[in-house]
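Peer 1: Chain by chain, the residues:
Protein chains: 4
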Amino acid sequence: MTKGRLEAFSDGVIAIIITIMVLELKIPHGSEFSSLEPLLFVFLSYILSFVYLGIYWNNHHHMLHTVKEVSGGMLWANLHLLFWLSLIPFTTGWMGENHFTPMPVALYGVVLLMAAIAYFILQNQIIKKQGKNSLLKKAVGNDIKGKISPVLYVISIPAAFINTWISEALYVTVALIWLIPDKRIERTLEKTDDQL
Amino acid sequence: MTKGRLEAFSDGVIAIIITIMVLELKIPHGSEFSSLEPLLFVFLSYILSFVYLGIYWNNHHHMLHTVKEVSGGMLWANLHLLFWLSLIPFTTGWMGENHFTPMPVALYGVVLLMAAIAYFILQNQIIKKQGKNSLLKKAVGNDIKGKISPVLYVISIPAAFINTWISEALYVTVALIWLIPDKRIERTLEKTDDQL
Amino acid sequence: MTKGRLEAFSDGVIAIIITIMVLELKIPHGSEFSSLEPLLFVFLSYILSFVYLGIYWNNHHHMLHTVKEVSGGMLWANLHLLFWLSLIPFTTGWMGENHFTPMPVALYGVVLLMAAIAYFILQNQIIKKQGKNSLLKKAVGNDIKGKISPVLYVISIPAAFINTWISEALYVTVALIWLIPDKRIERTLEKTDDQL
Amino acid sequence: MTKGRLEAFSDGVIAIIITIMVLELKIPHGSEFSSLEPLLFVFLSYILSFVYLGIYWNNHHHMLHTVKEVSGGMLWANLHLLFWLSLIPFTTGWMGENHFTPMPVALYGVVLLMAAIAYFILQNQIIKKQGKNSLLKKAVGNDIKGKISPVLYVISIPAAFINTWISEALYVTVALIWLIPDKRIERTLEKTDDQL
Numbered sequence: 000m001t002k003g004r005l006e007a008f009s010d011g012v013i014a015i016i017i018t019i020m021v022l023e024l025k026i027p028h029g030s031e032f033s034s035l036e037p038l039l040f041v042f043l044s045y046i047l048s049f050v051y052l053g054i055y056w057n058n059h060h061h062m063l064h065t066v067k068e069v070s071g072g073m074l075w076a077n078l079h080l081l082f083w084l085s086l087i088p089f090t091t092g093w094m095g096e097n098h099f100t101p102m103p104v105a106l107y108g109v110v111l112l113m114a115a116i117a118y119f120i121l122q123n124q125i126i127k128k129q130g131k132n133s134l135l136k137k138a139v140g141n142d143i144k145g146k147i148s149p150v151l152y153v154i155s156i157p158a159a160f161i162n163t164w165i166s167e168a169l170y171v172t173v174a175l176i177w178l179i180p181d182k183r184i185e186r187t188l189e190k191t192d193d194q195l
Numbered sequence: 000m001t002k003g004r005l006e007a008f009s010d011g012v013i014a015i016i017i018t019i020m021v022l023e024l025k026i027p028h029g030s031e032f033s034s035l036e037p038l039l040f041v042f043l044s045y046i047l048s049f050v051y052l053g054i055y056w057n058n059h060h061h062m063l064h065t066v067k068e069v070s071g072g073m074l075w076a077n078l079h080l081l082f083w084l085s086l087i088p089f090t091t092g093w094m095g096e097n098h099f100t101p102m103p104v105a106l107y108g109v110v111l112l113m114a115a116i117a118y119f120i121l122q123n124q125i126i127k128k129q130g131k132n133s134l135l136k137k138a139v140g141n142d143i144k145g146k147i148s149p150v151l152y153v154i155s156i157p158a159a160f161i162n163t164w165i166s167e168a169l170y171v172t173v174a175l176i177w178l179i180p181d182k183r184i185e186r187t188l189e190k191t192d193d194q195l
Numbered sequence: 000m001t002k003g004r005l006e007a008f009s010d011g012v013i014a015i016i017i018t019i020m021v022l023e024l025k026i027p028h029g030s031e032f033s034s035l036e037p038l039l040f041v042f043l044s045y046i047l048s049f050v051y052l053g054i055y056w057n058n059h060h061h062m063l064h065t066v067k068e069v070s071g072g073m074l075w076a077n078l079h080l081l082f083w084l085s086l087i088p089f090t091t092g093w094m095g096e097n098h099f100t101p102m103p104v105a106l107y108g109v110v111l112l113m114a115a116i117a118y119f120i121l122q123n124q125i126i127k128k129q130g131k132n133s134l135l136k137k138a139v140g141n142d143i144k145g146k147i148s149p150v151l152y153v154i155s156i157p158a159a160f161i162n163t164w165i166s167e168a169l170y171v172t173v174a175l176i177w178l179i180p181d182k183r184i185e186r187t188l189e190k191t192d193d194q195l
Numbered sequence: 000m001t002k003g004r005l006e007a008f009s010d011g012v013i014a015i016i017i018t019i020m021v022l023e024l025k026i027p028h029g030s031e032f033s034s035l036e037p038l039l040f041v042f043l044s045y046i047l048s049f050v051y052l053g054i055y056w057n058n059h060h061h062m063l064h065t066v067k068e069v070s071g072g073m074l075w076a077n078l079h080l081l082f083w084l085s086l087i088p089f090t091t092g093w094m095g096e097n098h099f100t101p102m103p104v105a106l107y108g109v110v111l112l113m114a115a116i117a118y119f120i121l122q123n124q125i126i127k128k129q130g131k132n133s134l135l136k137k138a139v140g141n142d143i144k145g146k147i148s149p150v151l152y153v154i155s156i157p158a159a160f161i162n163t164w165i166s167e168a169l170y171v172t173v174a175l176i177w178l179i180p181d182k183r184i185e186r187t188l189e190k191t192d193d194q195l
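Protein chains in written order, with numbering that gives the first Met the number 0: chain A, 0 to 195; chain B, 0 to 195; chain C, 0 to 195; chain D, 0 to 195.
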């Protein structure tokens, strides 16, 4: 079983997901600037989801880089991840079209949480297959980012029913945590860990 | 003729099919949890078809792994398979939107049956090309899964007009037969065969 | 400049064209068998276009197989071909939804004709680049298929205003000419040529 | 980190963008030639955007050809470029459906400008990573095209509110500048530079 086709298929699916999301930016009927206004929230949601999918693609890329042999478990864990990612255009559109009302914002978080869990499962499948000297295990380290993210999602889901902006702020926070170049933050976190 | 492009094209088409299916999850107008209710059947259909396409991608992957030379017959047998798979988003959407009424459920089975037959034709094209010592023929063995699946589809199609849940149960059964790790089941089946 | 990316991009575009066509098979509201009836013509058009795109992908595959160096002219000739192919979902949908009325059937032929011309231009770009001992030139031979097809399209376009079934018969004929295994027909044609 | 997956992902996204644009060519209800008339502007916009995306794909192809090592900065600069390109189907559709009214024409230019800036950032990321003897830096030279294009976009955006045809003429001009074979123009421009 070759890694190449797994990567190609995942790239294809993520590329399609990231691109069909833009179809939710429905072309307005008027041609005034004001006719774009109702799209503001959809556009903001689009940016957020684009960044998330970019992060997933990027991390997926790195993770598979450590893989030599593909197992059946990996294939299905990968499809499971792609399943949750494929729902992002739906939750993005629902959240955007309803101008960040509680239920859609919460559901957006639920799908992000499920994707994070699916990513975690895939990571473990790979580590398990690689055995004791797992390269991925070393690369991931204590995986602080991977542990903080789901915690923040779990907070943001009920928070949507208090104030949706808390949830949005948390979603942006998670994205930023992953966007900031890996090495620097990891070194910092390792040092922090050492001091604790 | 190279195998690489055949794989890449098939991967592309399957990746697109699996992803555009999500477009049938039409974003509801309301923002209450209850506005998601009409989507329940579409969502269940989506999960089922996602798993089926995942299985097809996975098996296609394995099957082509044994191929060294691509023949014209293979190319067209492959396109024929992709044709039937490309109809899955349509039957998935029709079945989901009509909440599992008989005709759409039966048609869903017809398309699955045609895809299974197309897969079987492709498999035979490859075995034929590989000749006497066909690697694929050895790998497939007595192909119990490949023989049971169309039988279950053939039962599920008329069954939809009695009770659609029988058909759905059969579709889920076929998916499970393929999902359960290959090696273990094949060994079991081989032993069963030996005892007969 | 590498051939790989040209192939990958073309495969991607053709895979997407062939797949988004199915989105024109709009899911009917009713769940009776009769609610599928209005889709009959769309479905027939879909099959025809699927076969055409399959032929283009197949031939494109073979043609690029002879290419070693990619020129700027080839890149643009290839994009020009993809442009006309990208209009096929539109003409397919228009022809199908209007149940094969003259104008859409004629336009379907116009787009096929333009694609055939674009393919011919791309072929010439490659032969020109390969120089005197062009491998593609030898492979193509007298290119009888490539010369007959546009002639049949040119007949089928005005014929649509007399009887659209003449045009449809011609479109099917061209598809069959290309579908029948290459070698046998080429040998036959070569013999016929020799006798003339 | 491998270049292959970056190319494959970018190809995938650009292939999808270029193809889903055709979905904005909504199939008209009538089957007369006149029912195609309202689509004229959408079709013209489609051609223009198709050419632009072809140019971007082509240039992206060349640019990445010089890359050996992929940096994190490149990955994100690339995603940033894909983000702006992904908005082209939206601005194309809005411009086409409103028959080239000022605001949509201006917005079309804004997205082209942002894509040009994003491309420039990606180019700089690559040059920076390649260091002193950057191959890309030599290939780009004084980058006259890259400098003229944004200037023309900046002119065309306000010009849309005077006469949208000025803007359209400028968009076509930029496309032509890039379409004309690189080497000849670059040699000419270099000579012109020398004379200045």
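Be careful, since some hints might not be right.
Identical copies look the same in the list; a pair holds intra-copy or inter-copy alike.
Computed cross-link-like contacts, BS3-like style, restricted to lysine-lysine with a CA-CA straight-line distance of at most 30 Å [claimed, not checked]:
no., residue 1, residue 2
1, Lys67, Lys136
2, Lys25, Lys137
3, Lys25, Lys136
4, Lys25, Lys146
5, Lys131, Lys25
6, Lys25, Lys128
7, Lys144, Lys25
8, Lys127, Lys144
9, Lys137, Lys67
10, Lys131, Lys146
Rather than coming from a laboratory, the hints here were simulated on the basis of the structure.
On a predicted model such as this, the values are computed, not experimentally measured, just so you know.
Peer 1: If a hint holds in the structure, say so; if it does not, say that too.
Peer 2: Comparing the hints with the structure gives:
Proximity of Lys67 and Lys136 under a CA criterion of 30 Å is satisfied in both settings, with 14 Å inside one chain copy and 27 Å between copies. When the C-alpha separation of Lys25 and Lys137 is checked against a cutoff of 30 Å, the pair qualifies neither within a copy, at 45 Å, nor between copies, at 43 Å. For a Cα distance limit of 30 Å, the shortest separation of Lys25 from Lys136 qualifies neither inside one copy, at 43 Å, nor across copies, at 40 Å. For a Cα distance limit of 30 Å, the shortest separation of Lys25 from Lys146 qualifies neither inside one copy, at 36 Å, nor across copies, at 33 Å.
Taking the closest pair of Cα atoms, Lys131 and Lys25 never come within 30 Å of each other, the shortest separation being 51 Å inside a single copy and 46 Å across copies. For the identical chains of this complex, Lys25 and Lys128 are neighbours neither inside a copy (45 Å) nor across copies (39 Å), given an alpha-carbon limit of 30 Å. For a Cα distance limit of 30 Å, the shortest separation of Lys144 from Lys25 qualifies neither inside one copy, at 35 Å, nor across copies, at 33 Å. In the homo-oligomer, the alpha carbons of Lys127 and Lys144 lie at most 30 Å apart both inside one protomer (20 Å) and across protomers (29 Å), since each shortest distance falls under that limit.
For the homomeric pair Lys137 and Lys67, the shortest alpha-carbon distances inside one copy (15 Å) and between copies (25 Å) are both at most 30 Å. Taking the shortest Cα distances, Lys131 and Lys146 sit within 30 Å of each other inside one copy (21 Å), while across copies they are farther apart (40 Å).
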